[in-house]
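Enquirer: Chains as they are written, first to last, in the working numbering: chain W, 244 to 455; chain X, 244 to 455.
Worth flagging that the hints you see were computed from the coordinates, not collected in a lab. Treat each hint with caution, since some may be false.
Derived coverage of chain X by chain W (criterion: at least 3 residues anywhere in the stretch with Cβ under 8 Å from a Cβ of chain W; other residues may be distant) [what the hints assert, rightly or not]:
no.: 1; stretch: 342-355
no.: 2; stretch: 400-406
no.: 3; stretch: 426-436
Think of the CB as a built atom: it goes at the ideal place given N, C-alpha and C, for glycine as much as any other residue.
Read off the chains here:
There are 2 protein chains.
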Amino acid sequence: MILCDIGNTFLHFYYRGRIWKEEKTKLTPKDSKELIMYISVNEDSTNTLLYAHPRCFDLTPYLNIDTNYKGLGIDRIAACKAISDGVIVDAGSAITVDIMQQGIHLGGFIMPGIAKYRKMFSSISVLDCEMNLGVDLDTFPQNTRDAVSYGMLNSILLMLKNTSKNKKIHFTGGDGKFLSRFFKDCFYDDLLVFKGMQKAINENFTSQGIYV
Amino acid sequence: MILCDIGNTFLHFYYRGRIWKEEKTKLTPKDSKELIMYISVNEDSTNTLLYAHPRCFDLTPYLNIDTNYKGLGIDRIAACKAISDGVIVDAGSAITVDIMQQGIHLGGFIMPGIAKYRKMFSSISVLDCEMNLGVDLDTFPQNTRDAVSYGMLNSILLMLKNTSKNKKIHFTGGDGKFLSRFFKDCFYDDLLVFKGMQKAINENFTSQGIYV
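Bound conformation, chain W alone (with noise of 0.2 Å):
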């Protein structure tokens, strides 16, 4: 069984311990014996990847977690599977971040990914130049590129710091990592998705005697 996550600009797969990222226009042929369980919040790569395997199989029906979050996409329903007590920040093309509180989700916003913020200043000509992440956070800056770098970091950062108060942080995506640098005590899990996924299966398909 192969899991996989479709998002936005990447499909993201997980077959026995290993993971990658791959574009839909330039899909890799799989074993076509395996099942590919996905969820996918992007229809065109969804249509993709069933085009290209035959045994695909949508597990969105199955995930689920007790929320009042209408139109929660399912790539955070899932991650948010995988943790009952902290914040979960997903960083990729956006930056979703959900708050669980004893298996409840209390709620959850988004900020532009990273990546987002050059393009959003790069309509203003002066202000399009490449992100400076090592900037000092605790000077102001002295340069548009570092003026840029702060405002964008320092205000992803404020509202994670502001959100998660006695909360541990479970960072996941792209940019997880990086931002993961910032605070102590805190997790980054590139897995997290697929944590929840296949927490999801087991709850659903194994006790019903379909090990998968």
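Position chain X relative to chain W; hints supplied.
Expert: Leaving out everything else, chain X in the frame of chain W:
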């Protein structure tokens, strides 16, 4: 004399106590006898003004503040010149934040403007929604629109709170009035840039007998 602050989106004018903005493609004719004193961060729009009006004067060389910041935009210099102590927030296409202390500029940073956030999310189809500027900031959001709005608004407000501490905030720019509502004991002044320009004119010209 007409004052003109040429931004990336609009040309902002001040004349006899009245302010208004014009698009560069729709400049109205001005009394050709009036001198237009201008500053600019956009060369295209400047050229349009110079072509449309015979008597224009670039005030840039006369606007100076004490700073180590390299490449500080001339509109930011003008606004800072008007305030000796405090945090100056110009909320337009971008939100620029500058810190002044005893007439010295300590540095500053830049965040995307409110309208830019929506654009940033528009490439992610499920997040392409209008902002809810009335989103409740005291509870965690329970739907996508609130999640995106909370992420945008709260990150701006946290950055401003974190920067201002015991300093007063002086808001200006298109979204300055809206943002000022979230702070007690702050100022909103849509003339801030023009006040700095006028100060530079007073310092540099009137003492030499050139009354404008």
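Enquirer: I'd like to know which numbered hints this structure contradicts. Please list them from smallest to largest.
Expert: Number 3 - this is the single hint that the structure violates.
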